[in-house]
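Chemist: What follows is each chain in one-letter form.
2 protein chains.
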Amino acid sequence: MKKLLGFTCTICNKDLEWNPSTYTCPSCGTEGILDVKYDYEFLKGHIDKKYFAENKNYTMWRYAPLMSIEGKKLKQTLKVGWTPLYRSERLAKHLGLEKLYIKDDGLNPTGSLKDRASAVAVAKAMEAGWDTIACSSTGNAASSLAGNAASMGLKTVIFVPERAPQGKVAQLLIYGANVISVKGNYQQTFEMSAAAIEKWGWYNRNAAINPHLVEGKKTVSLEIAEQLEWQVPDWVVVSVGDGCTVAGVYKGFYDLHQIGLIDRIPKILAVQAAGCSPLYKAFLENKPFEPTEENTIADSIAVGVPRNPIKALRAVKDSQGTYITVTDEEILAAMKLLGSLEGIFGEPAGVTGLAGLIKALQEQTIVSTESVAFICTGNGLKDVQNAIQAAGEPLKLEPDVKELDKIDLFHNMK
Amino acid sequence: MKKLLGFTCTICNKDLEWNPSTYTCPSCGTEGILDVKYDYEFLKGHIDKKYFAENKNYTMWRYAPLMSIEGKKLKQTLKVGWTPLYRSERLAKHLGLEKLYIKDDGLNPTGSLKDRASAVAVAKAMEAGWDTIACSSTGNAASSLAGNAASMGLKTVIFVPERAPQGKVAQLLIYGANVISVKGNYQQTFEMSAAAIEKWGWYNRNAAINPHLVEGKKTVSLEIAEQLEWQVPDWVVVSVGDGCTVAGVYKGFYDLHQIGLIDRIPKILAVQAAGCSPLYKAFLENKPFEPTEENTIADSIAVGVPRNPIKALRAVKDSQGTYITVTDEEILAAMKLLGSLEGIFGEPAGVTGLAGLIKALQEQTIVSTESVAFICTGNGLKDVQNAIQAAGEPLKLEPDVKELDKIDLFHNMK
Numbered sequence: 001m002k003k004l005l006g007f008t009c010t011i012c013n014k015d016l017e018w019n020p021s022t023y024t025c026p027s028c029g030t031e032g033i034l035d036v037k038y039d040y041e042f043l044k045g046h047i048d049k050k051y052f053a054e055n056k057n058y059t060m061w062r063y064a065p066l067m068s069i070e071g072k073k074l075k076q077t078l079k080v081g082w083t084p085l086y087r088s089e090r091l092a093k094h095l096g097l098e099k100l101y102i103k104d105d106g107l108n109p110t111g112s113l114k115d116r117a118s119a120v121a122v123a124k125a126m127e128a129g130w131d132t133i134a135c136s137s138t139g140n141a142a143s144s145l146a147g148n149a150a151s152m153g154l155k156t157v158i159f160v161p162e163r164a165p166q167g168k169v170a171q172l173l174i175y176g177a178n179v180i181s182v183k184g185n186y187q188q189t190f191e192m193s194a195a196a197i198e199k200w201g202w203y204n205r206n207a208a209i210n211p212h213l214v215e216g217k218k219t220v221s222l223e224i225a226e227q228l229e230w231q232v233p234d235w236v237v238v239s240v241g242d243g244c245t246v247a248g249v250y251k252g253f254y255d256l257h258q259i260g261l262i263d264r265i266p267k268i269l270a271v272q273a274a275g276c277s278p279l280y281k282a283f284l285e286n287k288p289f290e291p292t293e294e295n296t297i298a299d300s301i302a303v304g305v306p307r308n309p310i311k312a313l314r315a316v317k318d319s320q321g322t323y324i325t326v327t328d329e330e331i332l333a334a335m336k337l338l339g340s341l342e343g344i345f346g347e348p349a350g351v352t353g354l355a356g357l358i359k360a361l362q363e364q365t366i367v368s369t370e371s372v373a374f375i376c377t378g379n380g381l382k383d384v385q386n387a388i389q390a391a392g393e394p395l396k397l398e399p400d401v402k403e404l405d406k407i408d409l410f411h412n413m414k
Numbered sequence: 001m002k003k004l005l006g007f008t009c010t011i012c013n014k015d016l017e018w019n020p021s022t023y024t025c026p027s028c029g030t031e032g033i034l035d036v037k038y039d040y041e042f043l044k045g046h047i048d049k050k051y052f053a054e055n056k057n058y059t060m061w062r063y064a065p066l067m068s069i070e071g072k073k074l075k076q077t078l079k080v081g082w083t084p085l086y087r088s089e090r091l092a093k094h095l096g097l098e099k100l101y102i103k104d105d106g107l108n109p110t111g112s113l114k115d116r117a118s119a120v121a122v123a124k125a126m127e128a129g130w131d132t133i134a135c136s137s138t139g140n141a142a143s144s145l146a147g148n149a150a151s152m153g154l155k156t157v158i159f160v161p162e163r164a165p166q167g168k169v170a171q172l173l174i175y176g177a178n179v180i181s182v183k184g185n186y187q188q189t190f191e192m193s194a195a196a197i198e199k200w201g202w203y204n205r206n207a208a209i210n211p212h213l214v215e216g217k218k219t220v221s222l223e224i225a226e227q228l229e230w231q232v233p234d235w236v237v238v239s240v241g242d243g244c245t246v247a248g249v250y251k252g253f254y255d256l257h258q259i260g261l262i263d264r265i266p267k268i269l270a271v272q273a274a275g276c277s278p279l280y281k282a283f284l285e286n287k288p289f290e291p292t293e294e295n296t297i298a299d300s301i302a303v304g305v306p307r308n309p310i311k312a313l314r315a316v317k318d319s320q321g322t323y324i325t326v327t328d329e330e331i332l333a334a335m336k337l338l339g340s341l342e343g344i345f346g347e348p349a350g351v352t353g354l355a356g357l358i359k360a361l362q363e364q365t366i367v368s369t370e371s372v373a374f375i376c377t378g379n380g381l382k383d384v385q386n387a388i389q390a391a392g393e394p395l396k397l398e399p400d401v402k403e404l405d406k407i408d409l410f411h412n413m414k
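The listed protein sequences derive, respectively, from chains A and B.
Numbering follows UniProt numbering, with no gaps: position 295 of the first sequence is 295.
Numbering follows UniProt numbering, with no gaps: position 123 of the second sequence is 123.
By construction, these hints were calculated from the structure, which means they are not laboratory data.
One or more hints might be untrue.
No copy labels: a pair is met if it fits in one copy or bridges any two.
Straight-line alpha carbon distances no greater than 30 Å define the calculated DSBU-like cross-link-like pairs of lysine-lysine that follow [stated by the list, open to error]:
id, residue 1, residue 2
1, Lys3, Lys406
2, Lys267, Lys359
3, Lys37, Lys336
4, Lys317, Lys406
5, Lys56, Lys99
6, Lys406, Lys183
Chain A extracted, bound-state conformation (with noise of 0.2 Å):
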């Protein structure tokens, strides 16, 4: 493909020629994580605003060339991507913040901005002739495989470690999929997984590995920025785990930064769970990551030994952002105001960067005067155990109209 110069690895800075089945760089291994280069230039004089303008996909594939995939061999896929971007009046105005912004990424097909990587694991796995794909996941990447996948008739593995929500779970399942519930952590169920994979042979869709993954991640930058007609805010806030979420946010931003379309790249506020944040205290003790602990009730970045790091560092550090953290009840009291100001159910994960906003705004990292645009990264639908601690109770009544009078409109009803 003309578009694309190779691969740079993320420890050797080596440049690696282009080819379909690179996955990481042969001198540093498994560690060495790739970036795909593009050549702008050549983008330049193909992609431009009155392209978009024209385009009627509206999926994250209008963006196929940008992405390191063959975007005319595609078949009908679900529709991920082109999710809204809602801007906020009343949480905006609860916050005090003059233009806010809320890309509900919660409404792709499986519910989760993870739909945007599974969409190209599955594509790039047919571009090659594969027939099977499998991954480790905590619960949204496992579910968007096997959704999309099952879409398109693929056969998919998928490791979930045992505190795996139920509903992932089971609409993993209803999918088809053949699911392996390891009892141990996420680094456990990663180690099974790439086992697995080396064993039988199959795709893998581990998203720090395969670098175009974070390519079909970035397209939501690419949609936020075209939706605010290539305007882009001063911040874009995210939640992080695995660290390929952001590192694909960055990209997206970087990819239009060079091609032009943008004047600036965002700042980025990244988000961990106060009880899983490695990557937090790497990027403020500017040194490496420690594993940690998964102790959070947003389980889709309980990550404790996130496997893309380098790329999650560096996202936010060259975009000028900080990384920040929020408690599980900071978490829960963001989902209870995103549903009542603005109509919109997140799950914890989905909510954690609301979490990091309204802090960020209290220590003054962010200022009223800055534009923000916020990603809900999942839907809350996902994760009913935790939205029913942050729900409450309903009023319960008997079935009589006189116990009508124990709805107390001053007291009770808001």
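With chain A held as given, fit chain B onto it using these hints.
Modeler: The following block gives chain B in isolation, referenced to the frame of chain A:
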């Protein structure tokens, strides 16, 4: 509004003048549910295929000119509608159907087709200056009202029967609704809400009573027609509870036929759960329905006393379609089939239509050469408990590479 002639009562057939605060027929009382009547000659002069081809509003509001609403005054709302219509390959082949389309309405903002009605309810309430909306619902109408109202800053009071799944109740509490759980069935819940609405004078979102809500629901048909470039399928398949959705499905095609955008109205296959099928029985016996038990896992259509029987029966009859029933086992099987062959996860009521389609093919009510569009009305994540029944269990392994030998590629792999 010039486009509106007024209303026609579904009982006495009397015409009423347009009045924005009219709900039901003054002569027939609350049973006298109204149809909204348009000036189709006027619409013919204003709406054509070119109008839609040039319309870049990819939400249900692109059809505002065909709705009983002042489109101009609308502020930003949640992105309701313009859900994907997929051409099925694998499921179609499995069923032996030449042309099968799947409309995934579970991808609406709160996860169900009911968002189309709730968005209208909120818009109408705001047009008239109300600040509180109320309804009773088995769940989806409730959560969609709560979400859509929250996004616009309106208060909601929602009555749910105690059997509403936990996920749906949590969702609406997160949306900040005042939730009242009635210790009774749907009928008792409806009566409690009606009494409360009368007592406090809130805006009434109960779908049967409010004639504008069917006008919101009909947008699902407008979309199907437009997404198929105005070549409608032979059959449209949808599940039926209260009767408002099937009434909306018919009304959408009826309107398009009247203004000449489509050349015929598809036959409607209306599907009820065998454990709660008053409209099925009424249709087959050609007499008024009798209240029945509510014994089905498909809670969103478990309505023993449907509120909109006249429209629901007439819609199917006028379309030359028919009613059919399916068991809970058939519903669960359809859920697994839709997930594993298409990557779409529907709630029980969402996939009930598909179960009905399978039965109709077996009984040769529908034949393989006919084209079919099936509407999946709700997202499977809304009701994980039942999905778990359909899904089965994952393979559980200790975190030890030796355990991988338990994966039997030939026997337990799909």
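Chemist: Does each hint hold? Answer for all of them.
Modeler: Right, here's what the structure says about each hint:
1. Lys3 <-> Lys406: This pair counts as neither: shortest intra-copy Cα distance 67 Å, inter-copy 44 Å.
2. Lys267 <-> Lys359: Result: close within a single copy only, 16 Å intra versus 55 Å inter.
3. Lys37 <-> Lys336: neither (41 Å within a copy, 41 Å between copies)
4. Lys317 <-> Lys406: neither (55 Å within a copy, 44 Å between copies)
5. Lys56 <-> Lys99: Close inside one copy (28 Å) and across copies (24 Å); limit 30 Å.
6. Lys406 <-> Lys183: between (48 Å within a copy, 14 Å between copies)
When the structure is compared with the earlier hints, violations turn up for hints 1, 3, 4 and for no others.
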